[in-house]
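Colleague: Residue-level listing of the chains:
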Amino acid sequence: MKVAMIGWEYPPFKVGGLGTHCYWLTQHLANLGVKVDFYVPKRSRAINVKEKNLKVIEIGITKVYPYDRVEEGALEGDFFESVNTYNELCAEKIHGNYDLIHVHDWLTVKAGINLKHKLGKPLIVTIHSTEFDRSGWLNPNEYFINVEKEGMERADRVIAVSHYTKKVIVDNYGIPEDKIRVVHNAVNHVGEGKKKRKIVLFLGRLTIQKGAEFFLRAAKRVLEKEDCLFVVAGGGDMLPRLVDLSVELGIANRVMFTGPLTDEEVKHLYRIASVYVMPSVSEPFGITALEAASAGAATIVSKNSGVKEILKHCLTVDFWDTDEMANKIIALLRYDPLRRAITRNAKRDLNFITWERTAQKTLEVYREVV
Amino acid sequence: MPAICMYFEVHQPFRLNRFSVFNIGENFNPFEVYFNHKLNKVLFERAVRKCYLPTNKLILELIEDTDRNFKVSFSLTGTFMEYCDALAQEVMRSFQDLVETGCVSLICETYYHSLSSLFEDLSEFKEQVEMHRNAIRSRFGYEPKVFRNTEAIYDNRIAKEIERMGFKGIITEGTEKILGWRSPNYIYRPVNAPNLKVLLRNHRLSDDIAFRFSAVGWEEYPLTADKYARWLSSCEGEIVNIFMDYETFGEHNWPESGIFDFLYHLPREVLKYPNNYFVTVDEAVERFSPVGEIDVPFAISWADNERDVSPWLGNEMQIACFNELKEIGKMLKDKGDEDLLKLWRLLQTSDHLYYISTKGFADGEIHKYFSPYSNPYEGFINYMNILQDLRRKVEGGRL
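Residue numbers (this note's numbering), protein chains in the order written: chain A, 1 to 370; chain X, 1 to 399.
Be aware that a few hints might be false.
[What the hints assert, rightly or not] Listed below are the simulated EDC-like cross-link pairs for lysine to aspartate or glutamate, each with C-alpha atoms no more than 16 angstroms apart in a straight line:
(1) Lys342(X) to Asp65(X)
(2) Lys121(A) to Asp37(A)
(3) Lys50(X) to Glu378(X)
(4) Lys312(A) to Glu26(X)
(5) Lys225(A) to Glu26(X)
(6) Lys359(X) to Asp244(A)
(7) Lys272(X) to Glu32(X)
(8) Lys272(X) to Asp65(X)
(9) Lys220(A) to Glu192(A)
(10) Lys342(X) to Glu127(X)
(11) Lys118(A) to Glu142(A)
(12) Lys303(A) to Glu127(X)
Rather than coming from a laboratory, the hints here were simulated on the basis of the structure.
Everything numeric in this text was worked out from a predicted model, so none of it was measured.
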């Protein structure tokens, strides 16, 4: 089987779960004997891949841009242009004897639709996040919704990264359930090794979707009862507002903002944090929760998330219920038996959550249409 | 040619309210705030409607219809009786009617359906057994002869204490762990309590009703009264003990499952076999003599696959709560504060620990069925927060 997969980011250039997913999916598909040509925009440095069945092909020239939702103003600018150009170039330049075309999110949907038409091959669209998720359900942008909707309608199969996302797709895009398959993401184990400290960690882009504001409001409540350090890791357009908020709440001396971090720095934080909180407003999956768990942190995740479908040993909370979030953070800090039970049991779960399994399930979807 | 001894556990716990860490140390009436009275009322009244009233009525009819040859035994926990006092006195009256037939034995247990038998110091256990014995005496004018510990938890130490307290018999699980090759269908004697008789639950035949009756995938499905009576008649031994939760009738198995038809036909089908007959637990310990000894150095129970105390003390969260309970108890004992003592005892009800079990699939499903929490971790946080509040109240001296 030979697949043309069109992506947007690929390590070392990645910002979110999309890049991680594409990297491990393609590696393991190649291991399973699927020939994958992975198309990606050309970046300043070349991507090195040494895998028999896997070729990474760079198309066009673009700067590195965030994959996530962009500020309204930028829609008219470079970012929007780059996406369009990339999609057009893909549609134009990709030829060959493929059995199917696989694209990811709205970023590459247009190329997928055109190639399906041009090559006459089945199209698979994986949805890692929808416009509703990225906008935090506040003023979602019609343009993106329409691109996503068209892509899913034209696709032969839609892969959702969780049942949570499947429901969004059915309810908000009117896509028939029987066309959608759920394939969960996986995790590369970070591993323990550092002594845990009384650190409560948030890690993610500082956008409305990720709910860092709720993390700070919960922190305020926790600090009324417990002394600990809160770390907000990651960059994003909300950073200045969040710093202001921490001052306003009077907790600035117990909250550390790290800005964007390298992979190694992220791993270090996972390893020293006792509690990881993912308070997303809407999280299609949430790989970070698995990464944190693999480093021995006890996790609290938003009820609006996909990851809780496979990470059973975690605490869940409504993202807006900051008092309950604080109650659970304090419980994890205070009650060692609780924290130990959750981290130990979660690690057992993680043994079954592998990228190989993600690739196998994806391959099953391929076989349905080829 | 065995006697059939049917016994039902009737229990309702006082489930807890959502109690956050921010509630600890606040000023409130703990009897109102610790317990979720609204949920408890709904669940209790549902059980009254679906199980207690209809099943009591049916059993009373069956006793009359069989010329008092159908006999059963009950243990009504102290918390259950308190529910009846507050919400459904007609349920208590219907149990009194049943006892008046003379075909119903009442069994003694710890008033709070607690794990006090596992405390290092058994004085609290003895007090709770006495409390229950007195409650049965005053409500029913009945003197219980047989003891059944919470979920049939049993070991040599408990047996010895129960013998000392003057009981004639004790009930536990007929598990292979203590019987080996021997049959549960006889009366045994505890190795260290020669005056006590042990009634052993026949778990296969009991669970055929309690767990498998509605199991469509079971090879014997559907279970009919005549088939079941045939199995009973072909049992060798002297007595078959069929013990289960009373809520098996109407709650765990819905009326649509045919459970009430099954119960309706069962006495007549059993009595069709000339050598079969029903006994109460009190009659059983009068009539039969022990055929051998059982030696149980480690606690067993009738719950889960393991038949031990792991459903309540199987993980470190449960053990932490249990230790906390014991600690609070030590601080409380000499205070003489009745309200705090009552709260502590209500929090001892074993269900609170059962909800925190993290056991794997087969049993986990059953734990989930009974639990008011979405997972055991939530159960732990809530229970532990309340215990912390109680500890603070005890340390502070008074409510």
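Colleague: If a hint holds in the structure, say so; if it does not, say that too.
Modeller: Verification of the supplied hints:
1. Lys342(X) to Asp65(X): violated (43 angstroms)
2. Lys121(A) to Asp37(A): holds (15 angstroms)
3. Lys50(X) to Glu378(X): violated (29 angstroms)
4. Lys312(A) to Glu26(X): Not satisfied, since the Cα-Cα distance of roughly 33 angstroms exceeds 16 angstroms.
5. Lys225(A) to Glu26(X): Roughly 13 angstroms between the alpha carbons, so the hint for Lys225(A) and Glu26(X) holds.
6. Lys359(X) to Asp244(A): Given pair Lys359(X), Asp244(A) is violated - Cα atoms ~45 angstroms apart, limit 16 angstroms.
7. Lys272(X) to Glu32(X): Not satisfied, since the Cα-Cα distance of roughly 53 angstroms exceeds 16 angstroms.
8. Lys272(X) to Asp65(X): Status holds; Cα separation ~14 angstroms.
9. Lys220(A) to Glu192(A): violated (28 angstroms)
10. Lys342(X) to Glu127(X): Holds, because 12 angstroms separates the two Cα atoms, which is no more than 16 angstroms.
11. Lys118(A) to Glu142(A): violated (27 angstroms)
12. Lys303(A) to Glu127(X): Answer violated: Lys303(A) to Glu127(X) is near 45 angstroms, above 16 angstroms.
Violation of the numbered hints given earlier is confined to hints 1, 3, 4, 6, 7, 9, 11 and 12; the remaining hints are satisfied by the structure.
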